[in-house]
Amino acid sequence: MRVGVVGPGVMGGHHIAVWQQLGVDVCAYAPGAETRDAARRSYGITVHDELARLIEAVDVVDVCVPTDLHCEMVTAAAAAGRHVICEKPLALTLADAVSMRDACRATGVQLHVAHALRFFPDYAAARATVEGGGIGRPAVLRLRRTAMMPAASGWFTDPARSGGIVFDLMIHDLDYARWVAGDVVRVFARIRAPGGGGAPTRAYAILTHVDGALSHLESTWGLPGAKFTTSFELAGSGGILEHDAAATEPLRVDLPAPAGEGGYLPPLGAGDDPYALELSELAAAISGGPAPRVTPDDAIAAVRIALAVGESARTGRAVELSQEGAR
Amino acid sequence: MKVGLCSFAHVHAQGYAGLLANLAGVELLAADDDLERGRSSSAALGIRFVGTFEDLFATRPDAVVICVENVRHRALVEAAAGAGAHVLCEKPLATTLADAGAMIDACEKAGVLLMTAFPVRFSPSVRTLAELVREGRLGELLACTGTNQGQMPGKARAWFVDPAQSGGGAVFDHTVHLADILDWILGPAVEVYAQTNRICHAGTVRVETGGLLAVTYGDGTVATIDCSWDRPDTYPTWGGMTLEMVGARGSVAVDAFRQVVTHYDDANRHVRSIPWGTDLDARMLNEFLSAVREGRRPQPDGEAGRRAIEVALGAYRSAELGQPVALPLEG
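As given, the protein sequences belong to chains A and B, one line each in that order.
Under the numbering used here, the residues of the first sequence are numbered 22 to 348, in order.
Under the numbering used here, the residues of the second sequence are numbered 526 to 856, in order.
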């Protein structure tokens with residue numbers, strides 16, 4: 022299998038590193054010369070200067086460009102008969118998301134959307150416990166996610182490109198809530214973003230699921246002094262699963278840092294990196310193995326819920342989601 | 526000062542009695558219309574049981590603590606006011622706004638004080654949070670995340686889950702503490718959205734056990750409240766209360782009942798949290814008795830209690846409609 026990463030930025034670069042760890046033949050494409058040079062230096066790979074060259078050279082196109090470019094890249098890959106891996110979120114509109122799925126179906130290629138949270142071992146273990154009946158029927162879920170404010174110069178803070186905090190950050194938990202507690206029928210959301218001056222952004226969503234479960238989602242960008250952290254609490258009729266990632270760090274170092282080192286982090290082998298687990302599961306599916314734990318329809322459903330979050334926050338009203346979904 | 530404890534219907538009554546019995550200058554009398562329960566509970570506590578509420582009022586108490594079932598708060602508070610006793614009333618103050626209003630009026634007319642029992646107002650961490658916000662240290666306020674989750678209280682007291690006696694389930698029971706603190710810090714709420722469910726304990730109770738609210742305040746701050754009775758039977762504690770407030774400059778988070786020692790107990794085959802933090806009930810009773818002695822309005826007062834139940838009642842209406850509801854409620 023030969024993989025071509027489109028957009029070797031922060032996430033694309035990590036994908037390249039993982040493909041290399043997995044022993045997969047990988048190249049990349051970037052339109053800008055500086056980005057191409059940086060990727061060549063960092064990974065020692067071929068970096069094409071035309072998308073068509075990359076597509077020609079690979080079996081699988083791995084789309085890691087800013088979200089607003091996903092549709093164009095996925096459609097081009099599908100048209101050329103290449104399997105597609107696409108970073109989350111699939112798209113910023115339902116129409117794009119559906120057309121991307123349909124474009125891949127039309128040429129008989131696989132589409133896999135990299136909703137990585139499903140591969141994080143804490144989240145996966147909790148969901149497996151729920152599936153095994155460990156908390157009875159899911160009743161009230163709490164999902165919390167805090168990240169540093171993305172750099173102002175990047176595309177993340179341009180909602181037209183990234184979809185803002187809902188599509189970039191909250192969507193992980195929107196997908197997870199649906200994976201654990203079922204389809205969502207009603208969405209209420211509020212987004213508090215005074216903007217500027219280093220103030221944080223906080224988004225809330227209250228989801229009502231088809232079987233009556235409720236989910237409270239809280240996503241925050243840029244809380245002064247806060248690092249990336251996540252937590253969840255899954256309460257059901259028969260028990261509770263609690264998890265706070267910050268409280269589960271296995272290594273605490275109270276030593277003066279040697280000069281020049283950024284800090285102590287336990288090395289992540291391929292067995293420990295959720296992105297490695299994710300890409301290897303998706304690659305296995307492409308090679309004829311079992312369907313992975315996340316499907317294009319899951320990704321489309323996540324887009325739909327994210328759109329409802331935005332609509333509720335804008336209108337102030339709760340948004341009903343019909344259950345026919347996007348066919 | 527003569528203080529009457531009215532009824533052992535509420536699980537908190539025993540705690541109040543224990544605290545009041547040990548206060549110098551307080552003569553504690555207990556009354557209960559369930560005479561059997563009143564007699565045995567009083568005996569176990571070593572306090573004097575005088576009989577029915579009428580028997581208690583005949584002794585002209587200076588103040589009373591009302592611990593009857595929620596739906597009976599109004600009648601007993603009106604009787605206490607009529608007997609000239611200052612009142613500390615368990616939460617929720619009443620089950621309807623009309624009842625709450627009548628209780629406030631009755632006490633006003635009789636010239637007696639009315640306080641609502643919100644012990645978490647007396648948490649040192651909560652008070653520090655309130656101070657930091659008031660001093661502007663958080664900058665422009667954005668959002669609050671509140672949780673007041675618990676185990677289903679029906680096992681301890683069946684009336685808690687009988688809507689005819691309690692006024693409702695988890696929403697009525699657990700919205701009000703946080704609604705009161707937020708009202709105290711942010712002013713009155715202007716809108717509430719809520720969704721409820723009955724998945725936990727669905728086989729045992731008829732009332733809602735799960736609830737999520739989003740409450741908006743005049744300055745645009747959005748606060749979410751999780752009032753669910755979703756702590757399982759095996760949970761090491763009854764539940765807890767947390768409140769995080771986020772502003773432009775940073776955040777402050779309170780976990781009001783975090784101060785516990787964890788006990789892994791093979792003999793009883795369970796894990797339990799042993800609380801060692803500040804006794805909030807003691808501070809609350811101190812505020813009540815001080816207000817009575819000094820002849821001043823206690824906080825939280827009856828009006829605060831009324832505003833807190835208004836948020837809960839608005840939440841029920843919103844859950845029915847599936848849309849947010851403006852506060853204050855009309856009609």
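Hints are computed from structural coordinates only; laboratory data are not their basis.
One thing to keep in mind: the hints can contain errors.
What the hints assert, rightly or not - Computed from the model, here is a short list of chain A residues facing chain B with C-beta under 10 Å:
id : residue
1  : 74
2  : 100
3  : 115
4  : 116
5  : 119
6  : 209
7  : 219
8  : 235
Unchecked claim - Calculated cross-link-like contacts (lysine to any residue; reagent style SDA-like; alpha-carbon spacing at most 20 Å):
id : chain 1 : residue 1 : chain 2 : residue 2
9  : A       : 248       : B       : 778
10 : A       : 248       : B       : 775
11 : A       : 248       : A       : 275
Even glycine gets a Cβ: it sits at the ideal position worked out from N, Cα and C.
Hint-by-hint comparison with the structure:
1. 74: With a minimum Cβ separation of about 47 Å from chain B (threshold 10 Å), the hint on residue 74 of chain A is violated.
2. 100: violated, 43 Å
3. 115: violated, 22 Å
4. 116: At about 27 Å, which exceeds the 10 Å cut-off, the nearest Cβ of chain B leaves the hint on residue 116 of chain A violated.
5. 119: Since chain B brings no Cβ nearer than about 27 Å to residue 119 of chain A, farther than 10 Å, the hint is violated.
6. 209: At about 5 Å, which falls below the 10 Å cut-off, the nearest Cβ of chain B leaves the hint on residue 209 of chain A intact, so it holds.
7. 219: Since chain B brings a Cβ to about 8 Å from residue 219 of chain A, closer than 10 Å, the hint holds.
8. 235: For residue 235 of chain A, the interface hint holds, since the closest Cβ of chain B sits about 5 Å away, which is under 10 Å.
9. A:248 to B:778: Given pair residue 248 of chain A, residue 778 of chain B holds - Cα atoms ~16 Å apart, limit 20 Å.
10. A:248 to B:775: holds, 13 Å
11. A:248 to A:275: holds, 18 Å
Violated hints for the displayed structure, listed by number in ascending order: 1, 2, 3, 4, 5.
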